[in-house]
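There are 2 protein chains.
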Amino acid sequence: MRMTRYFLPTLREDQASAEIISHKLLLRGGFIRKVASGIYNFLPIGFRALKKIENIVRAEMDRAGALEILMPMVQPAELWMETGRWQAYGKELLRFKDRKEHDFCLGPTHEEVITDLVRKEVRSYRDLPLILYQIAPKFRDEIRPRFGLMRAREFIMKDAYSFDADEEGLEKSYQLMYETYERIFKNCGLKFRAVEAHTGAIGGDVSHEFMVLAETGEDTLAICSACGYASNVELTPAILGEKYQGEPKKPLEKVYTPGVRSAKDVADYLGLPVSKITKTLIYIVEEKEPVAVVLRGDHEVNEVKLEKILSFRAFRMAREDEILKLIGAHPGFLGPKGLKMKVIADKALEGYPNFVIGANEDEYHYLNANLGETFVPDLIADVRKACPGDLCPRCGAPLDFTKGIEVGHIFKLGTKYSSVMKATFLDKDGKEKPFIMGCYGIGVSRVLSATVEQNHDENGIIFPWQIAPFHIALISLDKTLKEEAEKIYHKLQSHYEVLFDDRDERPGVKFKDMDLVGIPLQVILGKSYKEKGEIEIKIRKNGKRAYTKLDQLEETIEKIKEELLFERI
Amino acid sequence: MRMTRYFLPTLREDQASAEIISHKLLLRGGFIRKVASGIYNFLPIGFRALKKIENIVRAEMDRAGALEILMPMVQPAELWMETGRWQAYGKELLRFKDRKEHDFCLGPTHEEVITDLVRKEVRSYRDLPLILYQIAPKFRDEIRPRFGLMRAREFIMKDAYSFDADEEGLEKSYQLMYETYERIFKNCGLKFRAVEAHTGAIGGDVSHEFMVLAETGEDTLAICSACGYASNVELTPAILGEKYQGEPKKPLEKVYTPGVRSAKDVADYLGLPVSKITKTLIYIVEEKEPVAVVLRGDHEVNEVKLEKILSFRAFRMAREDEILKLIGAHPGFLGPKGLKMKVIADKALEGYPNFVIGANEDEYHYLNANLGETFVPDLIADVRKACPGDLCPRCGAPLDFTKGIEVGHIFKLGTKYSSVMKATFLDKDGKEKPFIMGCYGIGVSRVLSATVEQNHDENGIIFPWQIAPFHIALISLDKTLKEEAEKIYHKLQSHYEVLFDDRDERPGVKFKDMDLVGIPLQVILGKSYKEKGEIEIKIRKNGKRAYTKLDQLEETIEKIKEELLFERI
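So the sequence lines, in the order shown, correspond to chains B and D. Residue numbers 1 to 569, in our numbering, belong to the letters of the first sequence in order. Residue numbers 570 to 1138, in our numbering, belong to the letters of the second sequence in order.
Derived from the structure by calculation, the hints contain no laboratory data. Some clues are possibly wrong.
Stated by the list, open to error - Covered stretches of chain D, going by a simulated chain B footprint (3 or more residues, C-beta under 8 angstroms):
id : segment
1  : 608-614
2  : 634-645
3  : 680-689
4  : 701-714
5  : 750-757
By construction, the Cβ of each residue, glycine as well, lies at the ideal position given by its N, Cα and C atoms.
Please work from the sequences and hints to get the whole structure.
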């Protein structure tokens, strides 16, 4: 592709609206443009990168025997009413009426549509297993769309659905998709990790997320290098590594703690470590029942765990005015002693002697609180996020923590959808049984963002070879080399995808643009070519340069490509 | 692909809901399934065929230098308000609010979005010409979705938009797209015709439709075999071939015509040809002004022409109760004489002596009416559809008429969108000028329907090789040949897309399914292979059979493929 015939509107400055690096660089590099909040145009170079990812996904799904279909974006309410999600799904499900006043929604996911299709068309166990998938736009009316493609409202997703006759079949399909996902992200040239995950709104019992590793990731992963255990910290059982000292219990003592509210402030004021302070948080369950959660000051509540403890009832944090009314003290001075509501104590408080709690009276705390004595909680449970110092729930070795971006999520659904939708088949024994289902998603457009988050430097994007929109940026720095450049362009085009900067621009502008859009190799015709007949090859990833004669150009490129693909550089 | 691992739910019976052959066969063949009115799932074989068409479209668009992008399906109202189409576009524009109560619509077309993109990103004539395109789902909330993919609400479209600095540039882009479309439909293996067309809701001055020729087409094409003129009959100027005889004018005579209402009934009753009878139709313009149109009984009103005559004001046919109130007679007895409203007479009535008109009194007509004497119309204009007997408006030779299905439509938009949206660039002379635009659509999913309408027989679909979901259906009729069949399957797969019917089914079932889904060649292992080592090849298109030894199988297939591609068979 010639730059003079391409549409690549790069920008010099970051856009004020872009908060994270991938959003900034995809805008600056001319990959995407905003149409409305969370809604984007993919420009030619962005579309090319997207297609690369899509093609890798498609190739591996096909290889796994999954069959590609296409389902509509506009879905009738009737199907969603059957599963109860018409009511249960939040406002992310964009609902509307057509001209005949029938209810429809924009598909955020397609369990209902696919289950309806399969229940009508598949009759017998002989037709199973069946895995169907599509790569298509989806719409989720996010309350706060942001970060560009990372949390967009309209986005491209690969969603697959498996149908099996029994649990054993589901296990096989799930394992097949797990391995397929590993191949997909490997083939994209990404560093990633599969982790055990929370099933959320899709449901089912077991799920794994595929995380692209990046410091800027929103998710925290708990990883055990000893046994290979890995989970999203939302799900990780918190097992304290610390052994509490057998310190004798001291008598409870009320102390004056004026104006110190946060656990850290209290700790500093009292001259104690933060771990010795507890915090008490008040939640309102189903808009009526207050519940208190007590945990160490250096720990954090895990709301996914709390949701399970609360039997999946809706809950939220209490507002300050509600707390004042309920307890008569401000947040910061709350404690479990004498609290007239259900109290959940985090497991890490078990056997922990002499900790600090709020006195439920402004400006006061108690020293030397002890679980079971100072207060008796209604429940002692694991309600916190695992954190450094905690142990692997599988093998007991210390856990590592790292950040990731969720790009894929696979679920064992079981009969969650098939039983309510009466999607059944005739099994070997002649009995009607509900399909055992799984579902498997990849945020295709999100992979593009995650790629950039993982692979960039101060000059721009650094695409892995596998999903780079072009492999080679051909840059000629001298008008007198025009003819030579044309020849090399034609030569390279037969083996590589080449973006040829044939503009009348200063070298600085050309290099800046090519660095920004992240093409793996820059083939440069400049001084060294004119003087010594040597073509310069710059490797975007590490800035290293190689020089080669024209007749060895392709050989040299092949060598560098190999190094890149096998990550030796 | 093995049938036992494929998802191809064929049906024995036509679905009651399917009115036209393509809808019937695409349902029966397991290509599509309905999700809601005008909304479909593409099943694996349907998706494959769709992809074939999409890939041909993409290859030719890329070859023309058009750049692929992807725009969202959900579009903000603001852009549509700028062009006035938020108000002007009918209910086919599905409008809705998001969770923040902002107005959006589902894109039925993308002129607004693309013009907004280009006005923000393209500054200079140096960046022109620019042709951008996408292949993506669209939504039009049709009042009466029907005929399966032919008039669906959600469908796949290729839409392209050209931006030029001047009219000359537009002419070039338009010509380029015209030729690209010719190549696309040729490469799809379809018989088609480009015709001059009505610009409709998209607007602009010049447009051409690309019509797949099929007896079942909804559109009528007027074609001149002498000079090559071709137009949609909506647009064809009607030039009467008939020369009226210089018959002396006779005196007007009121006759009793009890109970005869249609032109044909009146003609039969009076013993005159239908052409001698006129009909008078009453339209209501903008819900207030009645307008009468008078034309020959054997001619039909062309509402596209009428719309132009009425300066594009909204109009509809009057209801019977309105006619009774306005005129005091029932439809069937109406005539232009003494009518207290604007009367438009069709041009074909000029110089036509002694025709019959209704008397505006139930059960009565007049004989021997004459234009200019019996009544003086407010306007004499070409308001009818051209029909057999009419002459070519370009060369005067008699026109031929044929039926077609619109699959593509290209428009010269000029500055229709760019001027209202203030989409300008800096021209060579340093002046701001609006982009000169064109737009170019192909109904990708509709092409699939049109292909079936054009290519089928009583047994099912007959796909052109180029867009067939599979090239070869491999059918083994004997379990003892299983190993042989497997070998041939592997052999053929390296060159062709093969659907291998490896099911335990009766031969009849296998042949029926493969005929139905329209795969061009059936490679059959049966009696002749067992007895003489000869593989049978059946050509789906004509039912002819060839026999070949295994070692010449591919050679034979190649020969037949050539014959098919060059339409020698």
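Hint by hint, which ones does the structure fall short of? As far as the earlier hints go, only 5 is violated by this structure.
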